[in-house]
Amino acid sequence: MFWAQLAVVLIFIFIGARLGGIGIAYAGAAGVVVLGLLGCEVDPTTGIPWDVLGIILAVISCIAGLQTCGGLDLLVKISERMLRRNPKRITFLAPVVTFFMTVFCGTGHVAFATLPVIAEVAKEQKIRPSRPLSIAVVASQVAIAASPISAAMVAMAGVVEPFGVDYLPLVGIAIVICFTGCMVGALVASRLGSELEDDPVYQERMAAGLVKMRGEGSYDIKPYARRSLVIFGVTLLIVMVYAAMTSAFELPLDRNSAIMTFMMAAALIMKLTCKMELGKVTDQATFKGGMSAALCILGVAWLGNTFVQSNMDLIKGAGESVIQGNPWLLAVVLFFASALLYSQGATTAAFMPVAAAMGVSGAVMVASFPAVTGLYLLPTYPTTVAAIEMDDTGSTRIGKYVFNHPFILPGVTAVAVAVALGFLICPLVFS
3 MFWAQLAVVL IFIFIGARLG GIGIAYAGAA GVVVLGLLGC EVDPTTGIPW
53 DVLGIILAVI SCIAGLQTCG GLDLLVKISE RMLRRNPKRI TFLAPVVTFF
103 MTVFCGTGHV AFATLPVIAE VAKEQKIRPS RPLSIAVVAS QVAIAASPIS
153 AAMVAMAGVV EPFGVDYLPL VGIAIVICFT GCMVGALVAS RLGSELEDDP
203 VYQERMAAGL VKMRGEGSYD IKPYARRSLV IFGVTLLIVM VYAAMTSAFE
253 LPLDRNSAIM TFMMAAALIM KLTCKMELGK VTDQATFKGG MSAALCILGV
303 AWLGNTFVQS NMDLIKGAGE SVIQGNPWLL AVVLFFASAL LYSQGATTAA
353 FMPVAAAMGV SGAVMVASFP AVTGLYLLPT YPTTVAAIEM DDTGSTRIGK
403 YVFNHPFILP GVTAVAVAVA LGFLICPLVF S
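Per this note's numbering, residue 3 is the first one in the sequence shown, and the count goes up by one each step.
It is worth saying that the hints were derived from the structure and are not from the lab. For glycine and all other residues, C-beta sits at the position ideal for the given N, C-alpha and C. A portion of the hints provided could be inaccurate.
What the hints assert, rightly or not - The calculated lysine to aspartate or glutamate pairs, modelled on DMTMM-like cross-linking and capped at a C-alpha distance of 25 Å, are: (1) K277 - D75; (2) K273 - D222; (3) K273 - E252; (4) K79 - E279; (5) K282 - D45.
To be verified - Ranges between beta-carbon positions, derived for each pair: (6) P164 - V324: 14 to 24 Å; (7) A388 - T47: 35 to 45 Å; (8) T47 - R86: 50 to 60 Å; (9) M84 - I240: 21 to 31 Å; (10) V35 - Q205: 48 to 58 Å; (11) F4 - S249: 35 to 45 Å.
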């Protein structure tokens with residue numbers, strides 16, 4: 003029955019990938035039904051990563067509250083000021099902005115607001131917009147593996163903690179290798195494509211009057227935007243300190259509980275001190291995107307965990323020698339799995355426990371962790387689509403063969419460099 007069950011998993015993941023959005027969640031749940039009929043034990047208490055889901059819900063609700071208070075608009079305004087201060091370096095500054103915004107907020111959805119700014123600054127400098135846009139999108143995805151409050155990081159921390167990998171060193175190493183990978187990816191992106199004024203598509207669109215110069219954006223910053231941003235930043239700092247302390251001391255709340263409660267408490271403080279309108283929180287784009295991500299993890303992780311837990315002995319026996327002999331294969335599996343699952347959190351929750359069960363070392367798992375960020379491989383992820391639509395020069399476009407789009411080379415480079423650097427550093431740190 004193993005092969006039949008594996009076929010069911012792959013078929014329903016493919017169906018979900020074709021549907022996109024929360025269709026991935028629906029397909030995953032339907033696949034669980036079929037696995038149950040084929041003899042798998044369906045247990046929602048162990049199959050669903052409840053802690054990961056709880057953290058997504060708590061963090062996203064706080065981020066949506068921050069957006070309601072105007073804190074995200076202020077963050078975007080600060081980012082635009084930084085980009086316009088050094089416009090000729092837009093291809094290298096854009097990924098810095100989206101990377102650290104994502105690390106700070108724990109979700110790549112915050113990058114949406116910066117994409118029009120990046121495209122506009124590039125056009126003003128006659129720089130091909132596809133260059134900064136491509137690596138900015140990639141950086142917003144890779145940064146999920148470096149954010150201390152992302153669902154992927156929380157799931158990863160839970161898997162590698164028994165291997166002696168503490169939370170704070172994990173976050174520190176992830177930030178270093180992921181950011182380095184993105185900067186090398188930016189170097190590759192800066193060399194891609196012809197110069198903007200030599201691009202025939204751009205020339206046609208200019209002649210047709212389809213390329214508009216909008217100038218610097220105007221922001222209606224709310225009175226309590228700065229205060230809400232400070233509240234969120236202080237909460238993030240408290241979360242990191244507390245999470246690090248859980249490894250050394252017995253504290254009343256474990257790490258996951260602390261992240262959930264601290265984030266929701268921060269949202270309450272915003273409500274009480276920043277005049278946050280509760281009715282508008284659920285209308286925010288970050289809230290809708292985050293809830294969609296949570297549903298995707300619910301369906302896909304449940305599907306993967308049900309299959310794995312029912313076939314654990316067989317999987318360990320077959321994969322142990324292969325992965326241990328070629329540990330880099332774990333990164334390859336994670337990369338392509340993330341492109342199908344459309345979620346770093348779902349990929350981490352579904353595959354990292356399997357790697358741990360196979361006896362893969364903590365160092366190898368941490369080194370391979372950046373590979374869960376291959377969501378840009380198919381040019382259908384929301385931030386990828388948004389970047390294409392926001393570039394009215396036509397330079398950010400999908401090629402004839404689907405895979406020849408501007409996100410591929412910078413993205414693969416960023417992940418490959420991050421993983422390679424991880425394999426150099428992690429054995430020294432997590433020996």
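Here is how each hint holds up against the structure:
1. With a CA separation close to 16 Å, the supplied pair K277 and D75 stays within the 25 Å bound.
2. Simply put, K273 and D222 have alpha-carbon atoms about 19 Å apart, close enough for the 25 Å limit, and the pair holds.
3. Proposed proximity of K273 and E252 is contradicted: the alpha carbons are some 31 Å apart, above 25 Å.
4. Distance check on the hinted pair: K79 and E279 sit about 22 Å apart at the alpha-carbon level, within 25 Å; holds.
5. Between K282 and D45 the CA atoms are separated by roughly 36 Å; this puts the pair beyond 25 Å, and the hint is violated.
6. A beta carbon spacing of about 22 Å between P164 and V324 agrees with the range 14 to 24 Å that was offered as a hint.
7. Between A388 and T47 the beta carbon distance is about 37 Å. The supplied range of 35 to 45 Å therefore holds.
8. Checked against the hint of 50 to 60 Å, the pair T47 and R86 passes, with Cβ atoms roughly 52 Å apart.
9. The hinted window of 21 to 31 Å between M84 and I240 holds, with their beta carbons roughly 26 Å apart.
10. Checked against the given bound of 48 to 58 Å, the beta carbons of V35 and Q205, roughly 54 Å apart, stay inside it.
11. Remark: the range hint 35 to 45 Å for F4 to S249 is upheld by a beta-carbon distance near 38 Å.
When the structure is compared with the earlier hints, violations turn up for hints 3, 5 and for no others.
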